[in-house]
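Here are the chains, one letter per residue:
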Amino acid sequence: MPERDPRTHPRRTAALWALPPVAALGLVFLYPLALVAVQSVTPENGGPASTAPYAAVLATASFRDALTTTVLLAAGATLGALLLGLALSLVIAFVPFPGGRALARFIDIFLAFPSFLITLALLFLYGTAGIANGLWTDVTGAAHGPLDFLHTPWGVLLAEVTYFTPFVMRPLLAAFSQVDTGQLEVAASLGARPWRIVRTVILPEALPSLAAGGALVLVLGLNEFGIVLFTGAKNVVTLPVLVYSKAILDGDYTGACVVAVVNIALSAALYALYRTVMSRTAAGIGASRTARPRTDPAHPDRATGGGSPTERPRKDTPTRTGAAHHARA
Amino acid sequence: MLVHSASARRALRAAFFLLFLPVFALPLLVIAAASFAGGWSGALPSHLTLTHYQDLARGSTVTALLTSVLTALAASAAALTAGTWAALAAQGLGRRARRLLDALFLLPVAVPSVVVGLSLLVAFSRPPFLLNGTPQIVIIAHTVLVTAFAYQSVTAALSRLDPAYEQSAAGLGARPAYVLWRVRMPLLLPSLTAAAGLCFALSMGELSATMMLYPPDWMPLPVQIFAATDRGALFTGAALAVALMATTLLVLAGVARIRTRAGYR
Numbered sequence: 001m002p003e004r005d006p007r008t009h010p011r012r013t014a015a016l017w018a019l020p021p022v023a024a025l026g027l028v029f030l031y032p033l034a035l036v037a038v039q040s041v042t043p044e045n046g047g048p049a050s051t052a053p054y055a056a057v058l059a060t061a062s063f064r065d066a067l068t069t070t071v072l073l074a075a076g077a078t079l080g081a082l083l084l085g086l087a088l089s090l091v092i093a094f095v096p097f098p099g100g101r102a103l104a105r106f107i108d109i110f111l112a113f114p115s116f117l118i119t120l121a122l123l124f125l126y127g128t129a130g131i132a133n134g135l136w137t138d139v140t141g142a143a144h145g146p147l148d149f150l151h152t153p154w155g156v157l158l159a160e161v162t163y164f165t166p167f168v169m170r171p172l173l174a175a176f177s178q179v180d181t182g183q184l185e186v187a188a189s190l191g192a193r194p195w196r197i198v199r200t201v202i203l204p205e206a207l208p209s210l211a212a213g214g215a216l217v218l219v220l221g222l223n224e225f226g227i228v229l230f231t232g233a234k235n236v237v238t239l240p241v242l243v244y245s246k247a248i249l250d251g252d253y254t255g256a257c258v259v260a261v262v263n264i265a266l267s268a269a270l271y272a273l274y275r276t277v278m279s280r281t282a283a284g285i286g287a288s289r290t291a292r293p294r295t296d297p298a299h300p301d302r303a304t305g306g307g308s309p310t311e312r313p314r315k316d317t318p319t320r321t322g323a324a325h326h327a328r329a
Numbered sequence: 001m002l003v004h005s006a007s008a009r010r011a012l013r014a015a016f017f018l019l020f021l022p023v024f025a026l027p028l029l030v031i032a033a034a035s036f037a038g039g040w041s042g043a044l045p046s047h048l049t050l051t052h053y054q055d056l057a058r059g060s061t062v063t064a065l066l067t068s069v070l071t072a073l074a075a076s077a078a079a080l081t082a083g084t085w086a087a088l089a090a091q092g093l094g095r096r097a098r099r100l101l102d103a104l105f106l107l108p109v110a111v112p113s114v115v116v117g118l119s120l121l122v123a124f125s126r127p128p129f130l131l132n133g134t135p136q137i138v139i140i141a142h143t144v145l146v147t148a149f150a151y152q153s154v155t156a157a158l159s160r161l162d163p164a165y166e167q168s169a170a171g172l173g174a175r176p177a178y179v180l181w182r183v184r185m186p187l188l189l190p191s192l193t194a195a196a197g198l199c200f201a202l203s204m205g206e207l208s209a210t211m212m213l214y215p216p217d218w219m220p221l222p223v224q225i226f227a228a229t230d231r232g233a234l235f236t237g238a239a240l241a242v243a244l245m246a247t248t249l250l251v252l253a254g255v256a257r258i259r260t261r262a263g264y265r
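Going line by line, the protein sequences match chains W and S. 1 is the number of the first residue of the first sequence in full-length UniProt numbering; add one for each residue after it. 1 is the number of the first residue of the second sequence in full-length UniProt numbering; add one for each residue after it.
This is chain W alone, in the form it adopts within the complex:
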């Protein structure tokens, strides 16, 4: 499209204009990443490049444990966030109640807060001296409550599900707002049960958004650091935590770089998958239906999302997700 229309600038000038930001990004992002890759193949005592650091790190039990923990936690958090997000979004969108819109707005605010606050809150809710255990001891008179799971992987999982669910709900709510209510009425008047309508009418429509949200949460889960750090659990070590402890606590930069490269490879592969799903989504929706532009009147520009930036007008709504966050945390 834009390459077709007559531009006042010829293409070469445009490329020149793109140079300064790319150079800046190269200096503060690509060059450092390249140095990480170089450092990861440089043995501690100098010498020529070798794969010895990789062999050394990959052989350790701590690395393998961290890899397993990271993947399991990310997969678990994705599954949990998808289920919870789907259930909550279905109710907000299709069983409306007063205040539902305000709740959707509240979720936006929720996304503006850092992830570690969730862990902090869970300490007061389910910690050894928190509300839940306090209730238990008040009622039963026991010396201490039954809940003590925050320092285990389950505590991290609960915090991640809580924090990531809004990332699933945002694109889902956008997709649900595009579902033609007429179809639902027809299906219902023909005698379809609600669950069947959800399965056969709503879900196929929302599947791309669900997939996109799930892929995003998977990437975020692999990269999450703040939640695990705040839990203070010594036995829950994920790849980002391993990078931190190797570099800052042990001063082993080569080892940290090796783990970093593995972590990048894992998340970049998943992120590429996410982008592919997203562009499929945008293309599919553009082709199959004339999307009604349902921009939120109060926030016409709230394009927080991982929506493919190349998308054309009118396809904006269903592809918005809160890619926002990955970044923080």
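Hints are computed from structural coordinates only; laboratory data are not their basis. We put the CB at the ideal spot given by N, CA and C, even for glycine. Just to be clear, a hint being listed does not mean it is correct.
[What the hints assert, rightly or not] Here are the simulated distance ranges between beta carbons:
| # | chain 1 | residue 1 | chain 2 | residue 2 | range |
| --- | --- | --- | --- | --- | --- |
| 1 | S | T81 | W | T140 | 55 to 63 angstroms |
| 2 | W | W136 | S | L19 | 20 to 28 angstroms |
| 3 | S | G254 | W | P146 | 43 to 51 angstroms |
| 4 | S | T134 | W | T68 | 53 to 61 angstroms |
| 5 | W | E185 | S | T51 | 55 to 63 angstroms |
| 6 | W | V38 | S | L19 | 29 to 37 angstroms |
| 7 | S | A25 | W | A272 | 55 to 63 angstroms |
| 8 | S | N132 | W | D148 | 37 to 45 angstroms |
| 9 | S | Q136 | W | L72 | 34 to 42 angstroms |
| 10 | W | T152 | S | D230 | 12 to 20 angstroms |
| 11 | S | A77 | W | G251 | 32 to 40 angstroms |
[To be verified] Calculated Cβ distances over 10 angstroms to all of chain S for the following chain W residues:
| # | residue |
| --- | --- |
| 12 | A15 |
| 13 | V41 |
| 14 | A52 |
| 15 | F63 |
| 16 | A112 |
| 17 | S177 |
With chain W's structure known, arrange chain S on it following the hints.
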């Protein structure tokens, strides 16, 4: 309306709130409540007190809050400049080059923040760039992490922009620079302020890369929250977290005001 029976609807809503309240509403309320608590051994906090806030006013918190705000302001300004510039430049490029630019500018989202911190530490601790231990390295890290969001929102806004305005301006003889400053930028202003608010909020809460990089004399608020909770001072941590959330919300509300005023123009 999906469920037509009133009782089923009521049951669904009850189930909804049973899930929603403990998972989303309670955490924020609990942090606010804890910041006023002297102790918390029963179901409810006990000994309501303002001590934690008084401690904040005396301690290094004001400095940390100022550090966070300054870092977030600098990082958002830099990210907005770079992101907007790149998004505008991308428009003039061919399809292939544009996809490459998209991939480049969105890549930081896929890289773990801790690794961004590590990479800056590795790169800027050696000549020719010695920035390790300076506030600048923290600001650079935050900029790298939030630029993708500025780029993304501006690109999305540009694709929604009606080309008729700039075309008619250009048709009436306006130079490209004039069209950019007097036509496109004003039209983009609402999205730019929205992006600025998002960048600010993300930078205020950034912990992972900061933990790798922060020098002792430039300690943002999230690091201090971690330090407090790590040594067991949970209530102080809660008060600090309230300060962080309040500042972020205050700035977001201010940005929203600018946005509505920009919308009226």
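Are all C-beta atoms of chain S more than 10 angstroms from that of W/F63?
Fine: 15 angstroms to the nearest Cβ keeps W/F63 off the interface.
Do the Cβ positions of W/W136 and S/L19 conform to the proposed distance bound of 20 to 28 angstroms?
Since W/W136 and S/L19 have Cβ atoms about 21 angstroms apart, the given range 20 to 28 angstroms holds.
Consistency of the no-contact label for W/V41, given chain S and a CB cut of 10 angstroms:
Correct as stated: the minimum Cβ-Cβ distance to chain S is 13 angstroms, above 10 angstroms.
Range agreement (Cβ of S/T51 with Cβ of W/E185, hint 55 to 63 angstroms)
Given a distance of about 58 angstroms, which is inside 55 to 63 angstroms, the answer is holds.
Find the nearest Cβ of chain S to the Cβ of W/S177 and say whether that gap is larger than 10 angstroms.
The claim stands: W/S177 keeps its Cβ more than 10 angstroms from every Cβ of chain S (closest is about 14 angstroms).
Using the C-beta atoms of S/A77 and W/G251, is the stated range 32 to 40 angstroms upheld?
Cβ of S/A77 to Cβ of W/G251: about 34 angstroms, so the range 32 to 40 angstroms holds.
Starting from the hint 55 to 63 angstroms, judge whether the C-beta atoms of S/T81 and W/T140 obey it.
At 60 angstroms between Cβs, range holds.
Does the hinted range 34 to 42 angstroms hold for S/Q136 and W/L72 at CB?
holds (38 angstroms)
S/N132 paired with W/D148, Cβ distance criterion 37 to 45 angstroms:
holds (40 angstroms)
Closest CB of chain S to the CB of W/A112 still more than 10 angstroms away
At roughly 4 angstroms from the nearest Cβ of chain S, W/A112 sits no farther out than 10 angstroms, so the non-interface label is violated.
Is 29 to 37 angstroms right for how far apart the beta carbons of W/V38 and S/L19 are?
violated (48 angstroms)
Honestly, do S/T134 and W/T68 meet the 53 to 61 angstroms range at C-beta?
For S/T134 and W/T68 the Cβ distance comes to about 38 angstroms; the hint is violated.
Of the hints listed earlier, those the structure fails to meet are numbers 4, 6, 7, 12 and 16, in rising order.
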